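Protein chains: 2
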Amino acid sequence: MAKKIITISREFGSGGRTIGRQTAERLGISFYDKELIEKVAKESGLSEQFVAEQGEDSPTKNRFAYSFLGRESNGMSVNDYLWSVQRKIILELAEKESCVIVGRCADYILRDREDCLHAFICADVKKKAERIVKLYGETEKKPEKRLAEKDKKRRLNYEYYTERKWGMAQNYHISLDSGVIGLEKCVDILADLAGME
Amino acid sequence: MAKKIITISREFGSGGRTIGRQTAERLGISFYDKELIEKVAKESGLSEQFVAEQGEDSPTKNRFAYSFLGRESNGMSVNDYLWSVQRKIILELAEKESCVIVGRCADYILRDREDCLHAFICADVKKKAERIVKLYGETEKKPEKRLAEKDKKRRLNYEYYTERKWGMAQNYHISLDSGVIGLEKCVDILADLAGME
Chain A
1 MAKKIITISR EFGSGGRTIG RQTAERLGIS FYDKELIEKV AKESGLSEQF
51 VAEQGEDSPT KNRFAYSFLG RESNGMSVND YLWSVQRKII LELAEKESCV
101 IVGRCADYIL RDREDCLHAF ICADVKKKAE RIVKLYGETE KKPEKRLAEK
151 DKKRRLNYEY YTERKWGMAQ NYHISLDSGV IGLEKCVDIL ADLAGME
Chain B
1 MAKKIITISR EFGSGGRTIG RQTAERLGIS FYDKELIEKV AKESGLSEQF
51 VAEQGEDSPT KNRFAYSFLG RESNGMSVND YLWSVQRKII LELAEKESCV
101 IVGRCADYIL RDREDCLHAF ICADVKKKAE RIVKLYGETE KKPEKRLAEK
151 DKKRRLNYEY YTERKWGMAQ NYHISLDSGV IGLEKCVDIL ADLAGME
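In the order they appear, the protein sequences are chains A and B.
Counting with UniProt numbering, you get residues 1 to 197 for the letters of the first sequence.
Counting with UniProt numbering, you get residues 1 to 197 for the letters of the second sequence.
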């Protein structure tokens, strides 16, 4: 059957977000990355910055931080509350329209829908390091360390909320090494698969 | 660059071997699965049956079994000896010709060659169970148990000899869920990628 929704999980620096955006453009469907953050911030009452930084961060870091956002948060930790809002919005989006959704455990949240294609984008450390330096510039930290830290957060977040191992091929319908295959070819493959009968 | 060699790692029942054979046919290159077993048996002096059964089995099972095959085995356990012969033959094949190689840690053995495309094929348990019952018939053991046992052996073998985690997307250039994508489409994608510039 044709795939209405594409979820993109990605290593930091792999170009997964760019692949997602270009796939959405190619297919003429919505793209949710920053747009998802805005929605979650609005719905949760949390700031966009907090949602952007914490929405894929290790939940155990803030284990004892509770939100004081009124009855919606229902005594949950602030990360669990953020997760619950993200989950609700992702489920609503999938109901409403064709789209590409980047990160935020969308593959897991939408695992029972048959009209989804779940993709994982990775690349070797050298390629990813080159990419983040080109995109975001140098910092005092070595790019390899920046990569490791960011992906560690994503991994802990994913594993905490899904009880699955982040990056296991079995969690996705397709995984691609963007460094070897190239970003454009990744887009070709995903756009083609989305139209599958 | 064009990819001269395609390695296929696969879950039992995922159709990875069939995908590999059809990809080799499509590209008009050699296919090594049973053919590899024959070569390894001939070179090692071990029986084809032993190579077929043990070549991807847990090496720790036979930790105290040593081969008595003369000086070539050099005091290694029989599984380490088998591994060393398999490794040598896979390296020689890659030097010699374009081909598709199924299993036997070929992705790891050939990891430093840039002219290889490393693929992993998986599928969900239901699809794999249907496939093995269709291909190999029913047995007293439930298909789910047969799948789990076979993949456990492959996993232990892979992890023992490569120190990598079996099935991690990062070990491969592409991973495909054959149950969702379909065997024919998997062949299309791999054959297309092999010709990449």
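The set of hints was computed from the structure by calculation and includes no laboratory data.
Computed from a predicted structure; not experimentally measured.
Among these hints, one or two may not hold up.
In this list, chains with the same sequence are indistinguishable; a pair is considered to hold if it fits within one copy or across any two.
Pairs of lysine-lysine residues, derived as BS3-like cross-links and limited to a Cα-Cα distance of at most 27 Å, are as follows [what the hints assert, rightly or not]:
#	residue 1	residue 2
1	LYS42	LYS185
2	LYS165	LYS127
3	LYS126	LYS4
4	LYS134	LYS185
5	LYS96	LYS34
6	LYS39	LYS142
7	LYS39	LYS127
8	LYS145	LYS88
9	LYS185	LYS4
10	LYS127	LYS4
11	LYS127	LYS152
12	LYS141	LYS4
13	LYS141	LYS39
14	LYS142	LYS96
15	LYS165	LYS152
16	LYS134	LYS42
17	LYS185	LYS88
18	LYS134	LYS96
19	LYS42	LYS165
20	LYS88	LYS150
Results for each hint:
1. LYS42 / LYS185: neither (35 Å within a copy, 41 Å between copies)
2. LYS165 / LYS127: both (23 Å within a copy, 21 Å between copies)
3. LYS126 / LYS4: between (34 Å within a copy, 23 Å between copies)
4. LYS134 / LYS185: This pair counts as within: shortest intra-copy Cα distance 21 Å, inter-copy 35 Å.
5. LYS96 / LYS34: within (18 Å within a copy, 50 Å between copies)
6. LYS39 / LYS142: neither (33 Å within a copy, 47 Å between copies)
7. LYS39 / LYS127: neither (32 Å within a copy, 37 Å between copies)
8. LYS145 / LYS88: neither (33 Å within a copy, 36 Å between copies)
9. LYS185 / LYS4: both (20 Å within a copy, 18 Å between copies)
10. LYS127 / LYS4: between (31 Å within a copy, 22 Å between copies)
11. LYS127 / LYS152: Within one copy, since 18 Å is at most 27 Å while 32 Å is not.
12. LYS141 / LYS4: Answer is neither; intra-copy 40 Å and inter-copy 38 Å both fail.
13. LYS141 / LYS39: For LYS141 and LYS39, neither the intra-copy (32 Å) nor the inter-copy (50 Å) Cα distance is at most 27 Å.
14. LYS142 / LYS96: neither (42 Å within a copy, 40 Å between copies)
15. LYS165 / LYS152: Intra 12 Å, inter 17 Å, cutoff 27 Å: intra and inter.
16. LYS134 / LYS42: Result: close neither inside a copy nor across copies, 32 Å intra and 52 Å inter.
17. LYS185 / LYS88: So LYS185 and LYS88 fail the 27 Å test inside a copy (32 Å) and across (33 Å) alike.
18. LYS134 / LYS96: neither (36 Å within a copy, 39 Å between copies)
19. LYS42 / LYS165: neither (30 Å within a copy, 40 Å between copies)
20. LYS88 / LYS150: within (25 Å within a copy, 39 Å between copies)
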